Amino acid sequence: MISKNGLLHRRTVVAELLRDRGDLLVIAGLGAPNWDVTAAGDHPNNFPLWGAMGSAAMIGLGLALAQPKRRVLVITGDGEMLMALGALATIAVQKPGNLTICVVDNERFGETGMQKTHTAHGVDLAGIASAAGFPVSLLVRKPEEVKQLRDLAHSGVGPIFAQVKIDPEALPFVLPPAEGGILKNRFRASVLGEDALYN
Amino acid sequence: MAATAKLSESRGADWANAVFDILSDLDVRQVAIVPDAGHSRLIRLCEDDPRKTVVTLTTEEEGVALLAGAWLGGQKGVLLLQSSGVGNCINMLSLMQTCQLPLLMLVTMRGEWGEFNPWQVPMGQGTQPALEAMGVIVRRADEPHLVAPAVLGAANLAFNTSRPVAVLIGQSVLGAKNFKELAKPR
Chain A
1 MISKNGLLHR
11 RTVVAELLRD
21 RGDLLVIAGL
31 GAPNWDVTAA
41 GDHPNNFPLW
51 GAMGSAAMIG
61 LGLALAQPKR
71 RVLVITGDGE
81 MLMALGALAT
91 IAVQKPGNLT
101 ICVVDNERFG
111 ETGMQKTHTA
121 HGVDLAGIAS
131 AAGFPVSLLV
141 RKPEEVKQLR
151 DLAHSGVGPI
161 FAQVKIDPEA
171 LPFVLPPAEG
181 GILKNRFRAS
191 VLGEDALYN
Chain B
200 MAATAKLSES
210 RGADWANAVF
220 DILSDLDVRQ
230 VAIVPDAGHS
240 RLIRLCEDDP
250 RKTVVTLTTE
260 EEGVALLAGA
270 WLGGQKGVLL
280 LQSSGVGNCI
290 NMLSLMQTCQ
300 LPLLMLVTMR
310 GEWGEFNPWQ
320 VPMGQGTQPA
330 LEAMGVIVRR
340 ADEPHLVAPA
350 VLGAANLAFN
360 TSRPVAVLIG
370 QSVLGAKNFK
380 ELAKPR
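In the order they appear, the protein sequences are chains A and B. When you line the first sequence up against our numbering, it's residues 1 to 199, in that order. When you line the second sequence up against our numbering, it's residues 200 to 385, in that order.
So that you can see chain B by itself, here it is in the shape it has in the complex (with noise of 0.2 angstroms):
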């Protein structure tokens, strides 16, 4: 494993595990994702709970349309996915800010920190913009320590306030990935 993946997989788990204990003391029900490599170890211990269901999607938008239908109906739930599915999320965002609905979105970052793909950065860039744009509040956490606070309060701020609000994980927290080192030498 490269140095850079270790680093990651050892900074993951606390802050993983701090956030699983958050959501099940919440009572999130629905867990949606597209997933992410940042939020792998998040994704196992959702999957291992049988009070939690798993909704993988095929695009982030039918996340937030899925848990708008979770609210109508008594249920929390979370989106886990990606700075670049943001993107996808736009327009169906206006679902909570027209209905008042509640929507807790944990994003891991690329395109910032250490981004060894420059595809990946104009949605990262433009991540915090488009999610403000849409009324969707933001807070971020760019130290692995800071997660899970900054989860607890996005998390009552949402389902206490009834509306979206997002917490981006920041790339320092996740550790960049470099492809490079898995490539092959030429």
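Chain A with its partners taken away, still in its complex shape (with noise of 0.2 angstroms):
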């Protein structure tokens, strides 16, 4: 589970959090942890971004305010998430009870060609969460930390916030349906119901 830089490996990370995952719904970030979502397993309750960058974590919110009784986990990148610090902002205002923002954070701009991001200078994206007022905000570097992290996103009481530390590795990407089209009304009919598509 840890790389030869004594890191945690995305993929594993990723597939450990979404293990059993009943009826949890995820909003994956653009970029990787997109790929890494849909490796784990193209799912309909999964929203994939292809775009949009910083828009997940409120994408999050919207969803898990609509769906007080579904759990609904975040999954996205550093770079994403340091374009919508004052997300974090506004979701530790709404304190959503059900919603769990993971940042897999290899420290880099991954699709562009692995600049560095802010957090490998030293931005402390969980002392942010926890100042911004987040009641749980992990970083997370051990295996064993990862599963406490996927019992919280499916069980604790949020909003909670964790920064998991990951290699900067590139893998083959996995990739989703592009259509949003279709990852609008897969989703939707999923969680809704098919008479979401009548509407």
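Relax, there's no trap hidden among the hints.
30 angstroms max Cα-Cα, derived BS3-like pairs, lysine-lysine: (1) A:Lys147 <-> A:Lys116; (2) A:Lys69 <-> B:Lys275; (3) A:Lys95 <-> B:Lys275; (4) A:Lys69 <-> B:Lys251.
FYI, nobody ran anything at the bench for these hints, they're computed from the structure. Here the structure is a predicted model, which is why all the values come from computation and not from measurement.
Got two chains here, each in a separate frame; can you build the complex from them with the hints?
As structure tokens, then:
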């Protein structure tokens, strides 16, 4: 589970977070987190993003507010989260108990040439979330902590934030459907029932 | 209270009440806001309604993403913003076009009729073309009695055909501010 750099492997982390996923709803941020979530198994309850950088956490909030009885897990990258730091303040104020934001942090802009992000220079996303008011904000480096995070995301009291340090490895892409209409309609039909298609 | 501010408050009551009733009839549940004085009455009405969740944003594009999530979860929402905030939303609006998601934006205008602040003019004048460039259907309401019908039509268009629609509420409806009336004489 640990790379030769002493870091977690991103696909192992995401697969563990989605283990026995039940009716968990998942928003995947653009780029590698999308491919990681898809590699764990494409699913109608996934809404994987191919663009709209900075939207993942807030889509998660809107969904969590609309579906208070379901668990919502946002899995996104450090670059994507850094573009929406204000969203952490907005979410902390709303206090959605069913929402977890998990940043898989390779300290790189992976899709554009592995340039270093701010977290490579010490910017502490978990500290920012904690300061914004997330009651639970974790820095995760070890396999056993990933297991704890998986359980928190499935049944803990949120909002929960986690920054998971991962190896900056480049892996083969595993792609979900790219067409937004397909992603939207299959998600809504799964969450709301087939009637949603007749609206 | 300055004469223009009084005028603004009295004009605001009627259309804000009518818009609130429309939003309630449509079962709009999430109200995303970056406050504007022109929206203050409507915001108060929404805050007092236990069926609505008012989400104060740090920047307007958060609201575009929030309401995408709301629709995925089966709820309708509305984004209340000032024209300057439209500029913050541009790339995020690609969500609506790509995923065929509804979005109702109610935009209070600055930088046009009677504007005193030159810093408001660029984005005010750019609001409609910027929205249209991103595939948002735009309707204007430049008289108070036209606001509610414009909102009703925009909401039905957005939610029934799954696309983004904005109503621009003109500065002639809201009343132009003039901070110079509030400043000390030099």
